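Here's the letter readout for the chains.
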Amino acid sequence: MARILLLSPILISLFCLIGCKELNPSEKYLRWVGDIEFNPALDDPEFYPCNGEEQVLQYFNLEAGPQFPGEKPALEQLFKSQYVVDSIAGQSGWIRLRFMVNCKGKAGRFRLLEANSSMVAFQFDSSISEQLMSITKSIKEWPILYRGQKAIDYYFYLTFKLKDAQIQEILP
Amino acid sequence: MLLFTFLMSALTAHSQPNCLVFKEQGQMKRYQACEKSKALKGHYQFSREFQEILDEVLEIDSTFAYAYRAKSVAYLKSGDFIQWKKLMDQAVKYDPQGMLGYRGWCRYQFFRDYSGAIADLEQLTRLVNHDIGYSVTGEYHLKVALAICYGALGEQRKAIELITEHLKKEKHFIGLYDYLHLAVLHLELGEYNASIQALKKQIGEFDLAEVHYYLGLNYRQLSRIRADQEKARQEKELALNEFLRARDLYEKGNRMRDGYSHPMHKIFLAEIENEITLLTVQEDG
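If you read the protein sequences in the order shown, they are chains A and B.
Going left to right, the first sequence walks through residues 1 to 172 as my numbering numbers them.
Going left to right, the second sequence walks through residues 173 to 457 as my numbering numbers them.
Just so you know, the hints here were simulated from the structure itself, not pulled from any lab data.
Computed from a predicted model, the values in this text were never measured in an experiment.
The beta carbon of each residue, even a glycine, is placed where N, CA and C say it ideally should be.
Heads up, some of the hints might be wrong.
Once the Cα atoms are required to be at most 27 Å apart in a straight line, the calculated DSS-like pairs of lysine-lysine come out as [what the hints assert, rightly or not]: (1) A:Lys28 <-> B:Lys438; (2) A:Lys161 <-> B:Lys213; (3) B:Lys258 <-> A:Lys163; (4) A:Lys28 <-> B:Lys330; (5) A:Lys80 <-> B:Lys258; (6) A:Lys104 <-> A:Lys137.
Chain B residues, not near chain A, derived (Cβ > 10 Å throughout) [stated by the list, open to error]: (7) Gln188; (8) Lys195; (9) Glu377; (10) Lys424; (11) Leu441.
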């Protein structure tokens, strides 16, 4: 036991050399706030931005406002018809699903962010977050945005404002 | 490249404090932090460089509200409510008078956090003895934003009083959509004639598809409660004409817009089409 204790600083250093990548200041942030790096454990390898990672814009960079397949009422109707969760007291706050839409109108690299009514990190019941994720992923065609004649890749998100597990509003 | 240049110039253009004021007040740490923040110029607010400069600014002066707010913007626009709120809480902590209005507005505009926005704007009203100011977009007086939030929580009467009081002021600012919001609040309370009056005033300020859509809803409602059949028929006709006008304006692009989200009381083409169909079917029936 004593030998293990003596060795522990060496073992920790060794593990850190292998797995604990210390962030230097230039790595604290990605290219842009909100960028989503490819994660092979989560993401479809067939999905990628057409114009390279460095050229992915935000949906609002083209000043056209948020764009939805078939305008927003169609999106709201989709969730209204497919999201089925009973009222669960205390399951209130916001869930954001952020993702990338490529030049072909396909979406990928979905990421979840959850907060309670005070905007503090909070894990919703999985029946809620999984359904929201599943319905969002079921949308196969997102609007293709253009810069001039060129179709761009962009980040978009859906934020669900929830009260007792029921969707009150979909943003933006 | 041109686009990136545009983004950098347009999106970093938020007001830089006058650093010399801090120097004259003997706040030397604040002065140094402020001077450091001048390096933000030319960097896009989402960028690593922008965020890192602000981290350095906050290392010099961790109580500089401006820096927290500047850092928060990219999180706000990317929908990261957790980081945004943390940063803005710090900004409000160190400069409540300067930051409550902004945080309140953003809570409403980006997150539809009506009660959070009301709390901020009411706190600001109690804190200052001057006008509480305008939304960061410049389109709304914060009293009107406060009213919209009350309206969204079902307190339409209070909302109407707030907007009416604001519009009565001798030197008041009329926002782009003030009368439209007032009209919708009246409509929600079944006060159709008051709603129509407000919408007619809105046409004088800024005519757009939404005005005619809500005019159509008012006329349609009036036609339903009218005992006089001829008058009811005329109002139904007026309603249809307003919906057709709304569709025309919508298709021409004259509608409520916001680069980041959908403005409150905005309508969409499908909603206009639906009303036209309903009225046409009734006519045919």
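Checked hints:
1. As the CA atoms of Lys28 (chain A) and Lys438 (chain B) are separated by approximately 39 Å, the hinted pair breaks the 27 Å bound.
2. In summary, the hint linking Lys161 (chain A) to Lys213 (chain B) is not supported, as the alpha carbons are separated by about 35 Å, beyond the 27 Å threshold.
3. With a C-alpha separation of about 22 Å, the suggested pair Lys258 (chain B) and Lys163 (chain A) falls inside the 27 Å cut-off, and the hint holds.
4. Pair hint Lys28 (chain A) plus Lys330 (chain B) does not hold up; C-alpha atoms about 47 Å apart against a cutoff of 27 Å.
5. Among the hinted pairs, Lys80 (chain A) with Lys258 (chain B) is inconsistent with the structure: their alpha-carbon atoms are about 32 Å apart, more than 27 Å.
6. A distance of roughly 15 Å separates the Cα atoms of Lys104 (chain A) and Lys137 (chain A); the hinted pair therefore holds under the 27 Å criterion.
7. With a minimum CB-CB distance of about 20 Å to chain A, Gln188 (chain B) clears the 10 Å threshold, and the non-interface call stands.
8. No beta-carbon of chain A comes within 10 Å of the beta-carbon of Lys195 (chain B); the shortest separation is about 28 Å.
9. For Glu377 (chain B), the requirement that its beta carbon stay farther than 10 Å from each beta carbon of chain A is met, with the minimum near 21 Å.
10. Annotated as non-interface, Lys424 (chain B) keeps its C-beta farther than 10 Å from every C-beta of chain A; the closest such distance is 16 Å.
11. Residue-level check failed: Leu441 (chain B) sits 6 Å from the nearest beta carbon of chain A, not beyond 10 Å.
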